[in-house]
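Visitor: Put chains A, S, V and D on the given structure of chain F with help from the hints.
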Amino acid sequence: MQSFIDGLIASGVFGGLPAEAIYPAMMFLFASIVVFGFVLPLVTITIWLERRVWSRIQSRVGPNRVGPQGVLQGLADGVKNILKEDVVPDAADRPLFVFAPYLLVWGFLATFVVIPFSSALVIADLNVGILYIVAIVALSAVGVLMAGWASNNKWSLLGGIRSAAQVVSYEIPAGLALLPVVLLTGTLSTQGIIQAQGWAPWDWFLFHSPFTFIAAFAFYISALAETNRTPFDIPEAESELVAGFATEYSGFRFALFFLAEWGSLYVTGAIMAVLFLGGWQIPTGWTNNTVVLNIAQLTVFFLKAYFWVFLAMWIRATLPRIRVDQMMSLCWKYLVPLGFVNLVGTAVWMVIWPEGNTFVPYLMVVGTLALLVIFFRRVLYHLRRAKPELYFNPAI
Amino acid sequence: MSPTEIHQRLQDQHTDAITSFEAAPLDPFVLVKPDSIVEVCRFLHDDPDLAFDCLTNMSGVDFLKEDYIQVVLHLYSYTHRHAIVIKADVSREEPSMPSVEAIWKAANWLEREIYDLLGVVFTGHPDLRRLLMPEDWIGHPLRKDFVEPEEYHGISTRRESLLK
Amino acid sequence: MSLAGYEFEVQRDDGLATEEMTLNMGPQHPSTHGVLRFVVKADGEIMRTALPDIGYLHRSIEKISEKVGYHGFMPYTDRVDYVSAMQCNQGWAMVCERAAGIEVPRRGEFCRVIACELGRIASHLLSVGTMVMDIGGMTPFTHAIREREKVNNLLEDLCGARLTFNYMRIGGVAWDLPPGYTEQVTAFLDQFEPLIDEYNDLISYNKIYVERLANVAAVSKEEAINYNLVGPNLRGCGFQYDVRRDEPYSIYPELDFEVPVGTGEVGTLGDCFDRYMVRIKELKESCKIVRQCLEMIPDGPVLARVAKKLKPPVGDAHVRVEASRGDMGWYVVSDGSEFPYRTKIRTGSFSAMSIVDKLSRGLMIADLIALIASLDVVAPEVDR
Amino acid sequence: MSLINSVPEMVITTKLDEVLNWTRKSSVWYMLFGLACCAIELMQTGGPRADLERFGAAPRATPRQSDMMIIAGTLTLKMALRTKVLYDQMPDPKYVISMGSCSNCGGLFQLAYSVCDGVDKVIPVDVYVPGCPPRPEALTEGLLKLQEKMMQERWLVKGSAAQAAA
Amino acid sequence: MASSIGQYLKHAKDAAATIFEGMSVTMSHFVRKPYTIQYPDRTAVRVQDTLPLRYRGILEVDLEICTGCLACERACPIDCIVIDAPKDKVTRAMLLSRFDIDIAKCMYCGLCSEVCPTGSIHHTTEFEGADYSLESMIRRFVKDPVLAYKAKKGEETDPLIAPILDRGMEFLAEWAEPVDMKKYKKDQEEAAS
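Protein sequence lines correspond, in order, to chains F, A, S, V and D.
Counting with my numbering, you get residues 5 to 400 for the letters of the first sequence.
Counting with my numbering, you get residues -17 to 146 for the letters of the second sequence.
Counting with my numbering, you get residues 118 to 501 for the letters of the third sequence.
Counting with my numbering, you get residues 199 to 364 for the letters of the fourth sequence.
Counting with my numbering, you get residues 5 to 197 for the letters of the fifth sequence.
Misleading hints may appear alongside valid ones.
Under the rule of at most 30 Å between Cα atoms (straight-line distance), these lysine-lysine pairs were calculated in the DSBU-like manner [unchecked claim]: (1) 343(V) to 184(S); (2) 126(A) to 428(S); (3) 37(D) to 401(S); (4) 15(A) to 126(A); (5) 398(S) to 17(D); (6) 398(S) to 87(A); (7) 405(S) to 93(D); (8) 147(D) to 343(V).
Source of the hints: derived by calculation from the structure; they are not laboratory data.
Isolated chain F, as found in the complex:
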């Protein structure tokens, strides 16, 4: 980002304005653009996509009346929620109740600071980028707990407590799963990590070694848990806790919860893309135009991130919810030991092959492809078994 602004100053767009004034102004402008021009549409589209994906899996059509194919569904939901009556329950702890959703939104918006959308588009390439994400995401736990507590509703309280326990626990496997990558690159900067990878799958850290492969999924599971996604949606378990920590929230404040939930889903995907899928890396040398290059990088990054978002949607549509004690045992008995194994394994790997094994990544890619083939064979099997299809009404 800084280089981008430097370039602008150098090109003389601002005339003679002092650089000290330009930097904060541009940063502010950029942040606003990110929030209103990028995050909000992103979230509404994500919500619509989720509902459509979900419907499709459930043999339904899904929202298709609001705008073409229902793409404006998220917009309608958002505007409607803002227009709803603002209810603060009598028994609620008013200041906390009002403040909690903002904290939650803040927690996920702040992560956008270090997410590199392309080689130039990053608000701040902090040298502690990953650490910053891990730290700032914990804010959402505070927000959820605060929301649960302030509502003065027992369901909310239970939801808040569950969420706090969940996020605090899963921070550890998430952190441990990040470490192999940090170990490999020797940097915490997100741009640094991406630059250490290449555009080809075998250059990605996902396929660097079996340990990073497992670490990627361990991180993904932990991230799902931290963002309260199924199968770890126990803080807002609809069938148990009504709506969990959000039970008493309505209107605009609830819309913020909504925003945060789907926003952080995208953040999860983005971090996965940065750490394990080579971020915005594309084959170099085919263009010299910075703008075109950046757009291509942005697209690639977007697709990679959305792969994980889609996976989360798909998982949500498939799996039931885990119980709260099982969630804990999954964390402490499975993911945390696995995290240590990965860490030590990666370290050993680095000692044996300091420059990385030349053969294993290819093998890993082939193995993954084989797994996909098996998977699609199963899909075909299910499709064949389900025939002949019988519709409710053949005429329609």
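Guide: For chains A, S, V and D alone, kept in the frame of chain F given last:
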């Protein structure tokens, strides 16, 4: 075992407790004195030849003209696959009989239901509260002389038909 | 705590005393299957007790029977257990026929059994579907609902309604099978049976699902009989008893079907998973029964002529029907008039609800949901 | 709304109203609130056959986030008091669909001693859907009727906001 | 739970395998057609037209063939049908002055159409009747008082009424014909011997 045999066996053990036995109806029944229902039921449940381990149904019938409430127990034995009906008549004014909850847990709610809807008090029941109707409901609706209240908590219970 | 009214407790005390939390689950709660209320006393996530508070759907069906007569009561029986109304229809028809000594034409009996078993498929589909939904999986629920819609379509062709059938009459059934019905039902069964396997692949043996259900709220056989658990809940304890087989009625003795029981395959015998699995297996058995009936069905009338003002002789009659939620007891007292003097319906959900308090002790709050779902409680059947 | 109310009555407010109504109608979140038989049809309406979500109507578990309450089934006297509480918990603007005969006017349970004959005795109803129970398409039609009603509302035009809220 | 390493790994393997299987099932649904009937506007055929003749939708009365026998009014357990059919003192004919059905109250049980001798009152496949008020949901079939239909001996000859009566009979034909079981059994035995 046929109902007659069951009655015979019961008669041998608890002569005083049994008022009468009818073998003619569709479901032959033994009419028992309400006060001795527990000992009769205990015997029916415990005796290895009878082994009525299941209380399938328990209902109360309000006979307004005859001026008594009849409590009907339908018993079934999963062990021997036979059934018998036990009936006990209690007075309408102060309906009361001992609870068989200790013998069949299933009787717990069935008795509560009869208490709720017919007002039969089961002595010795651990938790005799209204089951279906709200706590503050007045009257026992399944009694034949029950009059529907005009309103409940400000909600009128009448509705004029729009067709009239 | 009072069970009577809606209380709003403001808990704002100083200090760090721990206390039991009283949770009001219901009457409006997403997973109480209608309007039930549980007063849950919980210590954190662990429940001390969960007292059911029922009666939110007490519609005085038994009292209404005293006002509408024997024929007029038939639509009301649909509403006793709306999820599987066919068996309720059958129960009422059978108890009246028994009280009044009416014989049903043979084809009528076949129509009844076909309708009942289709109804059982519909009911069990809803049961297993909502069970998964309560555990948190949305997709299997919609798949179950989708198949249920197809059964509803079939029943609609048969009797013109999707849910409240009012199909049976005292003395038979109101509609004969429509033309081409056999092919229609066979086509459905052909495509439905593989989908049961797909459902199992999708969710039944899913690790998360199994972990949620295994070893939760196991009921022993003795306990189940003492609490008068019936139907799949009783069979889930490994006790093979089915009214259709052991106290046969209608044409069931001529049919060949299995009575699936719980096997404790993933945990304790009689746990939630066993109760769930019994229902899944019964789906297949019902398909089998329907196929047999469609093959064996004779020609002839389906409805016997019955007096418009039916007046059974003075006395009482009791029948038991194997409804989807198990042995359903119908008891009718006649005083010789055209109105039943007293009707009593003993349903499977009623006794299933009464055991919840006992089973719930020491479980987690999430397990209560699984427990209620696995008992397959339907609110109006509890309250009537 | 007071600030917006001071805007003179103009075409633009009517247009704006239409946009606001459009968002409202396109996103009717209904409360998961099943009472009796109709609740099964309500479930099936959300299922693959009718798929109420096509119109943006998603189920919500809590009254705080719902715009619409579908009274699906018989309302007993014991439940009527709770229903009132639930209705009060919903934030404005809120709508009620009375689904099926029982909640319309007691239907076949008018003879009963424990049934509240008609939900309109407890809370105001916007749309009545006939049927016992209404099939999923009938409920969908009820929702469409409600959407029509929503589109006719005027929130920003002077005086009518208070009127509509009342 | 996991007492040994083997069991520990088995749990993990089970979880992976079953989730894999479940995901493959859901993936297969991406290529299957949705089952939704896009009522009301995006269907090729009106949903009403696809319902069976037996479907018990909103009641309808063909006044042309109503005999004014009041059987339906009596059969209804909840009095949602009201018929006024006074006898004209002069002509001795029955005059239908009112035939109201409250569709908001009706429970669609079919008891009324079952007893109708001519199929005049019958359920249609129509189900759309949602409205903003209960008053507007009352179906008033009699605009002006009409004479009740009198069944003729033999064929119906009136060209206006005949098709309606035929339709009514079609509805009636759906219902099962009750038989006298004693007579039926005797016939069966005779046929067998």
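Visitor: Now tell me, hint by hint, if it's right for this structure.
Guide: Verification of the hints:
1. For a cut-off of 30 Å, the pair hint linking residue 343(V) to residue 184(S) is broken: about 37 Å separates their Cα positions.
2. A distance of roughly 20 Å separates the Cα atoms of residue 126(A) and residue 428(S); the hinted pair therefore holds under the 30 Å criterion.
3. In summary, the hint linking residue 37(D) to residue 401(S) is supported, as the alpha carbons are separated by about 25 Å, within the 30 Å threshold.
4. Using a Cα cut-off of 30 Å, the hinted pair residue 15(A) and residue 126(A) holds, with the two alpha carbons roughly 23 Å apart.
5. For a cut-off of 30 Å, the pair hint linking residue 398(S) to residue 17(D) stands: about 26 Å separates their Cα positions.
6. With a CA separation close to 29 Å, the supplied pair residue 398(S) and residue 87(A) stays within the 30 Å bound.
7. Between residue 405(S) and residue 93(D), the direct Cα distance comes to roughly 63 Å. Violation of the 30 Å bound is thereby established for this hinted pair.
8. Simply put, residue 147(D) and residue 343(V) have alpha-carbon atoms about 27 Å apart, close enough for the 30 Å limit, and the pair holds.
Hint compliance for this structure: hints 1 and 7 are broken, all remaining hints hold.
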